[in-house]
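S.K.: Each chain, written out:
2 protein chains.
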Amino acid sequence: MTHEKLLDAYANLTVHSGLNIQHGQQLLISAPLDAVPLVRRITEHAYKAGASLVTTIYADDVTSLARYNFAPDDAFDTAPAWLFNGMAEAFKGGAARLAIAGEDPSLLAGQDPQKLSRANKARSLAYRPALELITGFAINWCVIAAATPAWAKSVFPGLPEAEAVAKLWDAIFACTRADLPDPVKAWEEHSANLARRTAFLNERRYRALKYSGPGTDLMLGLAEDHVWKGGAGRARNGVICNANIPTEEVFTAPHKDMVDGTVCSSKPLSYQGSLIDGIKVRFERGKIVEMTAAKGEDAFRSLISTDEGAARLGEVALVPHSSPISKSGIIFNNTLFDENAASHIAVGQSYTENIRDASKRSKEELSALGANSSLVHVDWMIGSGELDVEGIHADGSAELLMRKGEWAV
Amino acid sequence: MTHEKLLDAYANLTVHSGLNIQHGQQLLISAPLDAVPLVRRITEHAYKAGASLVTTIYADDVTSLARYNFAPDDAFDTAPAWLFNGMAEAFKGGAARLAIAGEDPSLLAGQDPQKLSRANKARSLAYRPALELITGFAINWCVIAAATPAWAKSVFPGLPEAEAVAKLWDAIFACTRADLPDPVKAWEEHSANLARRTAFLNERRYRALKYSGPGTDLMLGLAEDHVWKGGAGRARNGVICNANIPTEEVFTAPHKDMVDGTVCSSKPLSYQGSLIDGIKVRFERGKIVEMTAAKGEDAFRSLISTDEGAARLGEVALVPHSSPISKSGIIFNNTLFDENAASHIAVGQSYTENIRDASKRSKEELSALGANSSLVHVDWMIGSGELDVEGIHADGSAELLMRKGEWAV
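As they're listed, the protein sequences go chains A and B. First residue of the first sequence? That's 73 in the working numbering, and the numbers climb one at a time after it. First residue of the second sequence? That's 73 in the working numbering, and the numbers climb one at a time after it.
Everything labelled a hint here was simulated from the structure, so no lab data went into it. As the structure is a prediction and not an experimental result, all values here were calculated from the model. Watch out, some of these pointers could steer you wrong.
[Claimed, not checked] In silico lysine to any residue, SDA-like type, Cα no more than 25 Å apart, as pairs:
1) A:K120 x B:D145
2) A:K193 x B:G96
3) A:K120 x B:F142
4) B:K120 x A:A267
Please construct the entire structure, taking both the sequences and the accompanying hints into account.
M.R.: Next up, the structure:
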């Protein structure tokens, strides 16, 4: 297939399997400027599917960087709260949400960590009203990616730009199944497989997961009344959507106060323009009490210092080492892909969908069950072909879930 | 000078003479996608001038058109109220506003007039909270233009695209004085000239203006306590800005109930993607009671039917026929330029700055003085080298203001 046809198939997949746009729904897209051709195709498919209005907010790496180079020092506590409040208003009014990733993973590398930390905190705080509607699945939403030159060059540093971009697009189309004859049908089947896996885990009701591997010896308690999720889910507006394309994970909420031991990252993490690699942390009663990183240690330290919840876990996810993303052998420097190459954990905010009847419980009740609260939610990879994972029952007995990174059940 | 240097001078002029960005101010830009290189230079100058955060909302003609081609019929009463409410919130918080024009003047030509009318009405209604803060000069704002391929091709239909774009940029740089050695200083002098002209007119306190020319015989009453404005003005946040670059006009508020006679347009008008030309209307007691147009008559009829105020005047402006824009001999198909080539009038909303102490008066008081209220504000050109304008004093005596389109005073 030509690139144009694949791009169109990917756009169609996004609108139907990802967002499942409903007649009369508005759609808000955020995208990098380099994604204009993809945005145009998605917009066309969204209108054909019945969208009433599609609005895209473009981000521009050049002007993002210009701020760090030219803005006064006192500028960095400012965030576009007006825009995020507007987005929250749109979601409350029923609009669907698409985020297209594709940013330069190292755009802000080398910038003043103080400025970065202040800017990220201001942004996280301003974004919270909109983010809570997203993480709480008030509306159908989806995150996908577009191959931009800066991202492609970070993934394939040895290739000329055009070749790197083409190769990254091909990897995206393959990992998202957009290159199959009927991508929408392929996603239906894939979702059914993930649903069978979550049904098994939800039936088991483990008290904790135990991780063993090189540099990792971790007992990770699960939140009470936790719910495993994976693949397509029904948002509170009744629409079934796939929040991530691709997605290979099943995930739930850890108990924010019951994580103990050491764990190290198995793949690099791109966070707000900084590349973080070789993370090694030790937890005590849920909190990170020691940390080092081979690269980007300041950025990771800044991340987990954002607030009290940023040093505790908000998500745990299991992904087989043989996932299509892992098999591609590519380090994408982008969480949307890399998190689907390996089992992972996330510091920060937990998802309300991972606690049973979360919408009927107060924040205090959710916290008592073990749900975490934070301005941030950042995944990092801990899975590999050498990691074993056991499920620990309430009576302390163990059941092997993954052996050397593959499902054992 | 190279195009790059001219573009940079134009960006610098916009930030300093147009917006006069203050330290710590946010800046909201709206721009067509083709204006990315200009937006990047403006953003850099804004940060250097002390802006805390610059956010650009890009518009894309391709997706705007896709809506008309693919969206369901019931989509067209929807507007992005969430975005406009966010913008209003930003302005209330002190953000400055830059609009970059450059849209394809005939993008929506030939689309269903019913859909256009519904979409425009929904948009105008949703935009009103933000627009009132702009027209009421709550904050410093500015409108400029960028030469886009679609616009350039409409201005120079006989030229290849790249040549048309280059020629339109050169015209923009010349008409905005960006090609002078010190554009910021040139604007200071130009503003001083316009200030002398408005001081003269404000001292005269005419009751009405009388227009005579081919096809035009119009007695245009002025609002009580009207104020002539022109060039730089002080916004209510204390910042002196030039709301239009270029601007050659002096303007005030007509009396919405005291306009009688006939007037015809002297240049085409681009309105929401439709080109309107050869307008001829008759007013009775302020209201348009008869209208024809040689081209785009449906679009003009739809415009003046938007609401009660859309068939009455909200602005009257005097521009000498020898203005730089007029002398360029170019019909720009864009109001920002064409309105500065000729004297003009606008149907719809009047500017509160054109009524003395408007902020201290109620809407009812403003209306009683003659100020007009509407969801729209659209300029159209009536000036030419054959138009005479007289100022009519309270006692009925006349003073010749313009003879054959040139200032006589």
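S.K.: The structure should be examined with respect to each hint, and the outcome stated for every one.
M.R.: Verification of the hints:
no.	hint	verdict
1	A:K120 x B:D145	holds (11 Å)
2	A:K193 x B:G96	holds (18 Å)
3	A:K120 x B:F142	holds (5 Å)
4	B:K120 x A:A267	violated (53 Å)
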